[in-house]
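Participant: Got chain A sorted already, so can you dock chain B onto it with the hints?
Taken in sequence, the protein lines are chains A and B.
Take the position in the first sequence, starting the count at 1, then add 1043; the result is the number in the numbering used here.
Take the position in the second sequence, starting the count at 1, then add 670; the result is the number in the numbering used here.
These are calculated hints, taken from the structure and not from any lab test.
Misleading hints may appear alongside valid ones.
Stated by the list, open to error - Computed spacing ranges between beta-carbons, pair by pair:
| hint | chain 1 | residue 1 | chain 2 | residue 2 | range |
| --- | --- | --- | --- | --- | --- |
| 1 | B | Pro767 | A | Asp1143 | 32 to 38 Å |
| 2 | B | Pro1257 | A | Ser1140 | 43 to 49 Å |
| 3 | B | Pro767 | A | Thr1091 | 29 to 35 Å |
| 4 | A | Gln1283 | B | Lys743 | 54 to 60 Å |
| 5 | B | Asp1230 | A | Asn1087 | 19 to 25 Å |
| 6 | A | Pro1259 | B | Ala1196 | 55 to 61 Å |
| 7 | A | Gln1275 | B | Gln715 | 27 to 33 Å |
| 8 | A | Gln1275 | B | Ser1250 | 39 to 45 Å |
| 9 | A | Glu1193 | B | Asp790 | 47 to 53 Å |
| 10 | B | Lys743 | A | Thr1091 | 48 to 54 Å |
| 11 | A | Thr1207 | B | Asp790 | 37 to 43 Å |
| 12 | B | Ile1409 | A | Thr1207 | 52 to 58 Å |
Stated by the list, open to error - Heads up, simulated DSS-like pairs for lysine-lysine below, C-alpha to C-alpha not over 30 Å straight-line:
| hint | chain 1 | residue 1 | chain 2 | residue 2 |
| --- | --- | --- | --- | --- |
| 13 | A | Lys1209 | A | Lys1074 |
| 14 | B | Lys1150 | A | Lys1095 |
| 15 | B | Lys1141 | A | Lys1130 |
| 16 | B | Lys860 | A | Lys1212 |
| 17 | A | Lys1095 | B | Lys1141 |
| 18 | A | Lys1095 | B | Lys1446 |
| 19 | A | Lys1292 | A | Lys1155 |
| 20 | B | Lys1108 | B | Lys728 |
| 21 | B | Lys728 | B | Lys743 |
| 22 | B | Lys1108 | B | Lys831 |
| 23 | A | Lys1095 | B | Lys728 |
| 24 | A | Lys1248 | B | Lys728 |
| 25 | B | Lys1141 | A | Lys1103 |
| 26 | B | Lys728 | A | Lys1103 |
| 27 | A | Lys1130 | B | Lys1150 |
| 28 | A | Lys1212 | B | Lys812 |
| 29 | B | Lys849 | A | Lys1154 |
| 30 | B | Lys1150 | A | Lys1155 |
| 31 | A | Lys1182 | A | Lys1080 |
| 32 | A | Lys1292 | A | Lys1095 |
| 33 | A | Lys1182 | A | Lys1130 |
| 34 | A | Lys1182 | A | Lys1305 |
All values reported here derive from a predicted model rather than from experimental measurement.
Ideal Cβ placement from N, Cα and C applies to all residues, glycine included.
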Amino acid sequence: MNLRIALLAAFMTAAPLVQAADLNLADIVQKSQMVNKVVDSTSNATFTLINKNGQQRVQKTYGVSKLEANGVDNMRMTRFMAPADVKGTVSLLIEHSAGDDDMWIYMPAAKKVRRMVSSDKRTSFVGTDFSYGDVIGHKVTEWNYKLVREEQADGADCWVIEATPKSDKVREDSGYSRRLIWIRKDNFFAIQGEMWDEAGEPVKKFHMTELKEVDPARHKWQAMRLESENTQNSHKTVIQFENYKVNQKVRDDYFTTRYMEKE
Amino acid sequence: MRGYIGWILRYRWLVIGLTVVITALAISQARNLRIVIDPNTMLPQTHPYVATTNEVEKVFGSKYIIVVGITPKSGDIYQPDVLGRVQRITSALMQTPGVVKENLLSLSARRAKDIMGTPDGMQVSPLMREVPQTPEQYAQLKAALHRNPAYMNSIVSQDEKTAAILVEFRDTPNAGFRKMTDAVNRIVDKERSEAVQFNIGGLPSYLSRVESYSERMGFLLPIAILLVGLILFEAFRTFQGMFLPLVTAILAVAWGIGTMGAAGIPMDAFNATTPILILAVAAGHAVQLLKRYYEEYFRILDQGGVTPHEANRLAVIESIARSGPVMMVAGIVAALGFFSLVVFEITTVRTFGIFTGIGIVAALILEMTFIPALRSLIRPPSARERNIEQRVRVWDRIESAIAHIVSNHRRCVYAGAAAFAVAGLIGMSMVVTNNSSKTYFAQDLPFQAEDRFLNSHLGGTNTLALLIEGKDQDAIKDPKVLHAMDDIQRFLEQQTYEGKPAVGKTVSMVDFIRRMNQSMHGDDPAYDRIPDDHNLIAQYLLLYSMSGEPGDFDSYVDNDYRLANMTAYLKTDSSAYIESLIAKLEPYAREKLAGSGASLHIGGSVPQAAALNQTMVHGKILNIVQIGAVVFIISSLVFRSLLAGLMVLLPLLMAVIANFGLMGYTGMYLNISNSLSSAMAVGIGADYAIYLIFRLREEIANGLSEADAVRLVLSTAGKACLFVAVAISVGYGVLMFSIGFNIHFWLASLIATAMMVSVFSALFLIPSLVLTFRPKFVYKGVNK
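The shape of chain B in the complex, shown without the other chains:
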């Protein structure tokens, strides 16, 4: 190892030059980085809810729907102020690229048809060919809406005071959701006036905000880095102490991004916070090595007989020779843990694992090559700097207090840790998993209020998609199947959530067939039902097709009448509620569809979130367990002791328990973003323990007494751990000020909690356990 470092120092210019070249290369490759903002990357693709949603989208379309609500300040929708706007916005949207024209729905959309009974037959005509002018025409439109319940609560509110336009966008994830919302806003803005109020909602409206709020990371990250630097400066009181860890961290992030770009691994918006983790881990190792370098430098200088320049060179060699292997172990343990995430099905998790793993490996390489080369060029710390660094400050007081407690009150340490763990576990049991994108933002933001308005006035802005799959062609024309679908719709409409109807609207082919049956019988309400004759149903549909358009039913049945799409609009997007609803719905539907050969599949925006929950509850926890297991196994192998594995695992477990406990106590939801933060906690927690164990072993082997060894280790390696933890916590605390964007707030609180809990767990528990159990892997040097 010493020979290797000597070699690095001899060719330091070459090493620095190579690093610059590699970094330049990485930056140039970063331009090839594909940034994917497709929510599908978060979803477990083989989960039945997700598979159904994909199938529904492929056959029927309908995921990215923006809802535009128009409400007059006074009166109902039957006035030119409202209807004129509906018509103009609809026709402008018809000409907007990306809009799925045939699925556009509003009062003036071509596919919105009035099915009306006449004395000797049926008439099918557009609901609103042009904006009504006379009171008679208004009355006609009103009557048409009343006799066609399919449109009530979807494009017209029950109170007839809000008209809505439902515009679907083609799924072009990489173009971004802002493109969709911007297009709608441009059109709507032209129509804004004192007379009417606009409300815009729907999934793209949220996703576009996730995009724009996530971009805050662009300026929050530099502020965070600056704060990390400031804390490090306060800790070391040297320029070097502030600068070098940041260089390692930033270069590691750059290399990570460059490798991702070169390898063609896409980056997604949900990994925008991953650089934080790399930064934290890289800075952590850098600080450990730097701290060791300071120790060695002054030790060598104090021995006398060398110039500061020579002492500097020797200190660089010595610090790496002693701490380098420790760093390699800690880094490889963490990197393998993260790389092991590639077995996961959710793309975003795989990306997270790969990106972090590469970042950590990059940090290791940099610390073993570039940093020693650079450090050998930098002026060594002066006596004045040494005095400042060695002055007893708050960091030292904390460490010596810990050393005192560990040496004299170990029972208190264990009792405290146990109490903390129990409290955390109790909190953990209260964790609620919920992936509602609405919870990502503060409730009082204007677009949240707009969504709430639409949700309460129309059917609901959350969807449940029910796919009825028949055995053969024309299965959907089977009265048995249609009756069952009808029953399922009525069943859904009776469901309640918190005392209020949960489903504001259901729509399917059933509504149109019932409507045709009634209109073919002179609008007699007794015929508002599904006929019992398959052929009659087929003939109604043929009849309809003769005055409708070929695509009118495309969003309800497939071409072969083998698949039918039922949509239920839900008032709530609580995935916990939807799971309980599905649990009731599935047996009900099975019973109703029994003997028809048809089956029900469930998808839609809310079930997809539920699917995400299920994979997260099982998968994400598994994912943390997996990293933990890898850490445990490798640590056990390195120290050849299961106890060592457990000791390394412990601070990391405490951090995870603390994070989940915090979620439980504060009501913070377990969602994709927060579970990623918890996985980060696992990755960071192991490092502290590994550094402490190695250093304890080294000092005990040097012949120090147990108490002295503990004191020394805590005041050196321990202090470095504390520097890092505080720097990262404070640095990321800056995200708490990302107003309105809960994702950032959660991230800041979880990272800070994880950092603090894992560092203090390591500082208290590792020395305590070593002193209590006197494990062989620490004491083996003593025997020699």
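Looking at chain A on its own, in the form it has when it is part of the complex:
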């Protein structure tokens, strides 16, 4: 609402108010990144990876997440249920928004927990067409924002916000030179995205649907269906959540390497 007034003012007056608009846009983006950070969750997920020839590979997982004390980073434990040859494989991801994340994998065939070093935020998130940055969220303060337009998407009023990296380093680390985000005005959920690669070529499209207010008390929302498509190689990922539950009083010892080896 502030934004509209600011915009109206910006049309009539001068620069200082545009800065005010900037501030508010960053705010909106920040809110959109927090809207799906639930206290904890348990869920079943089906990952469908589709290549350019339309061939599919399906993985089923059971996942548990818990927000860390800082309220930003998540701990995520994912157990693979199918296909059979990877059943029992567990991944544990401890996000560190300040630095490199920690990731461990338990491989039942080797009966060992192995540590993975995830080198950067631009690489694929567990083999999907989402990058770590896309899933965990790009640091709000590192990007410049601009309101491109306001429009309806999936029947909801949205701000269409353009984000551009403030520095070359941010561009290189994220792999993006430009992002367009559709953020719903009613609940701040980012329901669509389009990305351009470092060379300025379109590279990805996201679409989040089947939105559910999973924690009405805290105004937390989650999309039950997440789609991402790499438009350069026509590879596509669809993540479908089921039995998504929040506030399950998930214990911290779920997120230890010791626990991964169990069963």
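Facilitator: Relative to chain A, chain B alone:
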């Protein structure tokens, strides 16, 4: 027939007008002609090597790869002069339309990953995120390359003095290969400097040259036509003698192209030389009719009582009435022979058959309509021209010498022909089939040297694609299959060609799984092997996928892990060698894969060439045999004699033997281009014999003695044959000067050889055989 020609002459303006309209229509339709420069049109699509290559391309991509090598003038690749260029060229190529981004491979490409063991696990990261700045960073890159052998000899040479960028282009055949090479050159040219040397190679680099060198035909063809005209002028010494055969030939080519355009039959670059054949055949018929017209004109004039104008009209009628049916027979025989090629599987051969057939039919129609109409309008030859034409010159001396030999020394003729045939057959046995596109060009051309450089410094610029097909999903994760693939790779790497390793590099999923197994065991070399547990392999792959990109392995395995692609880079593109290699590889792979349910299929650039060889050895020869058979059958039917069929076939056989003999003795390869030339020889050879046989029959029926008939026929129809053969040989001799482009050189020598051999075979053998066997089909008129 006389009534028909009379009708044509009465309505000559209408005939000429119609011809102009049809020609204009043909030219307008020629704009609809689709020109396809797709090498696939040359390939037998159902051949297993070709089918596999297509399958590999569909699932994995990888046919049109350009290799850019960067070598510093001093030192190794670990310097900003080299790596900076690799990075800039890679990122520029990423933004180039047509480039398959996900298959781009270089040190800075996203999918080039360093798999490294760490004390408590594994790290997967890009090989070179940015150009190293410090000695430590260079050392890191070097170490990464050393621990990931998959990249050695593909994007970095063994001596680490050359870095390479492998860029794949989407298959858009009709856009042309120059579009690919131009795009790469534009980017590379910006990076050229004194400090580094660039070498560019790969299949598109050759195919783009085939395109540009083939375009020389655009100016060589007119020169050839001009030379043909000059020779004809020297032969007839009249403007008419030079002009009319060329008009027929050029219009026939135009009609042929127009019909192809209107019917939507695509033309391909490999048929760029086909107009020559039409030109040769059309000119051949035109010269025969023209020569006959001269004879008749002076005969009628000498009888007296008619004006030159009337004599002209009568001569036109008489010449067509007598030679027209002969031409129709000869033309239809040849056209049917060519049309019969539509049964062939290779598109380019079908196009060749249809195009030539249409061209010949067009020439027949023109000679029966437009040319007589036009000739009746042209001033008849003057007495002066007649004197020049009838002066005894070299042509006549040759013909009378032949007549003398045929009448008096027939045994020598047969002995000579037999000796020639035997010599030709011996040469034929030495013919080597090889479809290497590298042999199309002179060895000393710069791009040949660039390809040789890349070939010797990297794995090899020729590929063998091995497709492993499992029964079910995840078959490729089966340790049995992976072990077999591993063994096959090692087997290939041990092969030698001319004493040196034949395979410079093999790459497959095996390399990555071995590498992961090793890095998960703290880089212990003892674990540089395929694990024996299917689940462990699956879990490694899942693990990799968590830090790699979804498309990283797309060029090695399909989505279902049912198909795996193994690539072997070969130093040689000899299709003979590859056939011997495949003969060894197939039983080896069968044994290794036994019990796994998986099977091996072979494809790739070199096997495709081998496939082409196989279809050519069996198919192209068959194709020549087929035209020959059609010629034989129709000639036998026309003359109602098998002997006649054989006689027509003989000069054509001699021409084919001579062509193959020439290939054998000179080491010229039998390839698609040269086999087309040989098929041309078959088409041209029959005409001479048919004209000679008909004329002999006519003159013997007129009551001439055998010796006189032979002398007369050789000095008239025979002389016309010689004119045509010499004109076409000399005209196409001009292609010998297409410097650096062997295809043109070969074509010139083969066409000239075929022309000369078939004309002299016909001139010597047809009269000799007639005199020896006195066949009924020649002598039947005598009995009346």
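Participant: If a hint holds in the structure, say so; if it doesn't, say that too.
Facilitator: Here is what the structure says about each hint:
1. About 37 Å separates the C-beta atoms of B/Pro767 and A/Asp1143, a value consistent with the hinted range of 32 to 38 Å.
2. For the pair B/Pro1257 and A/Ser1140, the supplied restraint of 43 to 49 Å is violated, since their beta-carbon distance comes to about 59 Å.
3. At roughly 30 Å, the beta carbons of B/Pro767 and A/Thr1091 sit within the given window of 29 to 35 Å.
4. Here the CB-CB span from A/Gln1283 to B/Lys743 is close to 57 Å, well matched to the stated 54 to 60 Å.
5. Our hint of 19 to 25 Å for B/Asp1230 and A/Asn1087 holds, since their Cβ atoms are close to 23 Å apart.
6. Checked against the hint of 55 to 61 Å, the pair A/Pro1259 and B/Ala1196 passes, with Cβ atoms roughly 58 Å apart.
7. For A/Gln1275 and B/Gln715, the Cβ-Cβ distance of about 30 Å falls inside the hinted range of 27 to 33 Å, so the restraint holds.
8. Between A/Gln1275 and B/Ser1250 the beta carbon distance is about 42 Å. The supplied range of 39 to 45 Å therefore holds.
9. Taken as a hint, the range 47 to 53 Å holds for the pair A/Glu1193 and B/Asp790, whose Cβ atoms sit roughly 50 Å apart.
10. In this structure the hint that B/Lys743 and A/Thr1091 lie 48 to 54 Å apart at CB holds, the actual value being about 52 Å.
11. One distance hint, 37 to 43 Å for the beta-carbon pair A/Thr1207 and B/Asp790, holds here, with the actual separation near 38 Å.
12. In this structure the supplied range 52 to 58 Å holds for B/Ile1409 paired with A/Thr1207, their Cβ-Cβ distance being about 55 Å.
13. Proximity of A/Lys1209 to A/Lys1074 is assessed by CA-CA distance (about 20 Å); at most 30 Å being required, the pair is judged to hold.
14. As the CA atoms of B/Lys1150 and A/Lys1095 are separated by approximately 29 Å, the hinted pair is consistent with the 30 Å bound.
15. Between B/Lys1141 and A/Lys1130 the CA atoms are separated by roughly 22 Å; this keeps the pair inside 30 Å, and the hint holds.
16. Simply put, B/Lys860 and A/Lys1212 have alpha-carbon atoms about 26 Å apart, close enough for the 30 Å limit, and the pair holds.
17. This hinted pair checks out: A/Lys1095 and B/Lys1141 have alpha carbons roughly 22 Å apart, not beyond 30 Å.
18. Restraint check for A/Lys1095 and B/Lys1446: not satisfied, since their Cα atoms lie roughly 71 Å apart, outside the 30 Å limit.
19. At most 30 Å may separate the alpha-carbon atoms for a hinted pair to count; A/Lys1292 and A/Lys1155 meet this at roughly 28 Å.
20. Restraint check: the Cα-Cα separation between B/Lys1108 and B/Lys728 comes to about 26 Å, which is no more than 30 Å; the hinted pair holds.
21. Taking the CA atoms of B/Lys728 and B/Lys743, the gap is about 39 Å. The hint is violated against a cut of 30 Å.
22. For the proposed pair B/Lys1108 and B/Lys831, the alpha carbon gap of about 25 Å is at most 30 Å, so the pair holds.
23. This hinted pair checks out: A/Lys1095 and B/Lys728 have alpha carbons roughly 11 Å apart, not beyond 30 Å.
24. Taking the CA atoms of A/Lys1248 and B/Lys728, the gap is near 25 Å; set against the 30 Å cutoff, the hint holds.
25. A threshold of 30 Å between alpha carbons decides the hint, and for B/Lys1141 with A/Lys1103 the separation of about 24 Å falls inside it, so the pair holds.
26. Between the alpha carbons of B/Lys728 and A/Lys1103 the distance comes to roughly 29 Å, so the proposed pair stays at or under 30 Å and holds.
27. For the hint linking A/Lys1130 to B/Lys1150, the alpha-carbon distance of about 21 Å falls within 30 Å, and the restraint holds.
28. Between A/Lys1212 and B/Lys812, the direct Cα distance comes to roughly 24 Å. Compliance with the 30 Å bound is thereby established for this hinted pair.
29. Restraint check for B/Lys849 and A/Lys1154: the C-alpha separation of about 53 Å exceeds 30 Å, so the hint is violated.
30. The straight-line distance between the Cα atoms of B/Lys1150 and A/Lys1155 is roughly 24 Å, inside the 30 Å bound, and the hint therefore holds.
31. Between A/Lys1182 and A/Lys1080 the CA atoms are separated by roughly 15 Å; this keeps the pair inside 30 Å, and the hint holds.
32. Proximity of A/Lys1292 to A/Lys1095 is assessed by CA-CA distance (about 41 Å); at most 30 Å being required, the pair is judged violated.
33. A C-alpha spacing of about 34 Å is found between A/Lys1182 and A/Lys1130, which places the hinted pair above 30 Å, so the restraint is violated.
34. Only pairs whose Cα atoms come within 30 Å are accepted, and A/Lys1182 paired with A/Lys1305 is rejected, the gap being roughly 35 Å.
In the structure shown, a violation is registered for the earlier hints numbered 2, 18, 21, 29, 32, 33 and 34, in ascending order.
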